[in-house]
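> Which chain is which? The protein sequence lines are A and B, in order. Its first residue numbered 299, the first sequence is counted upward by one per residue in the numbering used here. Its first residue numbered 299, the second sequence is counted upward by one per residue in the numbering used here.
Please keep in mind that the hints were generated in silico from the structure rather than gathered at the bench. Worth double-checking, as some hints may not be accurate.
The list treats identical chains as one, so a pair stands whether inside a single copy or across any two.
Unchecked claim - As a list, the in silico DSS-like pairs of lysine-lysine whose alpha-carbon atoms are at most 30 Å apart:
(1) Lys-319 x Lys-414
(2) Lys-371 x Lys-301
(3) Lys-387 x Lys-319
(4) Lys-462 x Lys-487
(5) Lys-483 x Lys-387
(6) Lys-432 x Lys-319
(7) Lys-371 x Lys-345
(8) Lys-301 x Lys-338
(9) Lys-300 x Lys-409
(10) Lys-387 x Lys-301
(11) Lys-345 x Lys-435
Protein chains: 2
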Amino acid sequence: MKKLEERILTEGRVLDHNILKVDRFLNHQLDVELLSEIGKAFYEMFKEEKITKILTAEVSGIAIATMTGFHFKVPVLFAKKTESLNLDKDTYEGRVYSYTKQKHYKIRVSKSYLHKEDRILIVDDFLANGEAIKGLKEIVDASGATLVAAGVVIEKCFQEGGRKLRENGMDVRALAGIESIENGKIIFKQK
Amino acid sequence: MKKLEERILTEGRVLDHNILKVDRFLNHQLDVELLSEIGKAFYEMFKEEKITKILTAEVSGIAIATMTGFHFKVPVLFAKKTESLNLDKDTYEGRVYSYTKQKHYKIRVSKSYLHKEDRILIVDDFLANGEAIKGLKEIVDASGATLVAAGVVIEKCFQEGGRKLRENGMDVRALAGIESIENGKIIFKQK
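Isolated chain A, as found in the complex (with noise of 0.2 Å):
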């Protein structure tokens, strides 16, 4: 997606350990007209795969999720990182590792909204490890619903999880993929 390239370029900041930041559009402030060309872009990619619900993680994957919603006329769910009182005590529940704090924590969605006619797409805002889709793949599977596919906004290729979700079998595309960050150049994957 040529708009959100520009984008990356021209507003992301690179910062050390290849870490890129795109929190002035993507999961901070966000720019909702782009998020909408997003939604949109999903759309167009999986419009003839009769999608019956969009499925993200809290927090970041939720602005996207909601605009690709509104581009499949289809309701969001997102799966929960803490148990709350919006939440029922029966669940689904996903394992993501989280790297930066170097242990896992559980993801849940209630049992009430996913069931096995549902047809998934998941979407979220970066795809590196791979284990946030990885987590919420296990929920769909733990429903019987199908998995359709899983749309990222940005997928950082010199990362493994893309390869990884490939390789056993799910449809993982991304709207930009980031094949390298050299020093504190981006060289995004030729399509």
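Based on these hints, arrange chain B on the given structure of chain A.
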């Protein structure tokens, strides 16, 4: 907002201690078409106010803020509860008291995204004790921006948050006001 009140009556669930669960359409599973109508309702209320940014707090406010920003065609900003790599070190902070956890926590917004020229509309899903909106107001005040108003989807009018915020001069509007919940029956405030 008539349609919202109908959805609360048909799909909301009342638990013990006056807890109203609306996780079927507002804060776990999201009905994006309804959220769009909610965003449009806030736009109609404040469209003359030259709003430059929509501000909310993670997690439950994000989808509502996103659809509100979509109608205003302005950026959305969500305050973060946890320190994260996505957040700058230099932040405006607000303090929020959690009655469930019985302790204060901080919410933060990067100083890069709030300026004294900004005219801010705060949005959130619920207004009960008013702590989240108070914390967001502290952030706006610290930045020197103008807090135009706060729009909430559901106000629990039997809790004191709305009254206290209005007594302090804030323009606070709710799309649905709940006067009381008695024996599981929801009574809306008459407009």
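> Quick one: Lys-432 to Lys-319, C-alpha cut-off 30 Å, is that within a copy, between copies, both, or neither?
both (23 Å within a copy, 29 Å between copies)
> Using 30 Å as the alpha carbon limit, work out where Lys-301 and Lys-338 are close: within a copy, between copies, both or neither.
both (13 Å within a copy, 27 Å between copies)
> For Lys-387 and Lys-319, with the copy left unspecified, which applies at a CA distance of at most 30 Å: within, between, both, or neither?
This pair counts as between: shortest inter-copy Cα distance 13 Å, intra-copy 35 Å.
> What label fits Lys-387 with Lys-301 when the C-alpha limit is 30 Å: within, between, both, or neither?
Between. Shortest inter-copy distance 28 Å satisfies the 30 Å Cα cut-off; intra-copy 42 Å does not.
> Checking Lys-300 and Lys-409: alpha-carbon separation at most 30 Å within a copy, between copies, both or neither?
between (38 Å within a copy, 29 Å between copies)
> Please sort Lys-371 with Lys-301 into within, between, both or neither, judging by C-alpha distance up to 30 Å.
For Lys-371 and Lys-301, the Cα distance is within 30 Å both inside one copy (24 Å) and across copies (18 Å).
> Checking an output row: Lys-371 and Lys-345, CA cutoff 30 Å. Within, between, both or neither?
Both ways: Lys-371 and Lys-345 sit 11 Å apart in one copy and 26 Å across, limit 30 Å.
> Between the shortest in-copy and the shortest cross-copy C-alpha distance, which are at most 30 Å for Lys-345 and Lys-435: within, between, both, or neither?
within (20 Å within a copy, 41 Å between copies)
> Treating 30 Å as the Cα threshold, decide for Lys-483 and Lys-387: within, between, both or neither.
between (46 Å within a copy, 23 Å between copies)
> For Lys-462 and Lys-487, with the copy left unspecified, which applies at a CA distance of at most 30 Å: within, between, both, or neither?
Close inside one copy (18 Å), not across copies (54 Å); limit 30 Å.
> Treating 30 Å as the Cα threshold, decide for Lys-319 and Lys-414: within, between, both or neither.
between (37 Å within a copy, 24 Å between copies)
In summary, the structure agrees with every hint in the numbered list given earlier.
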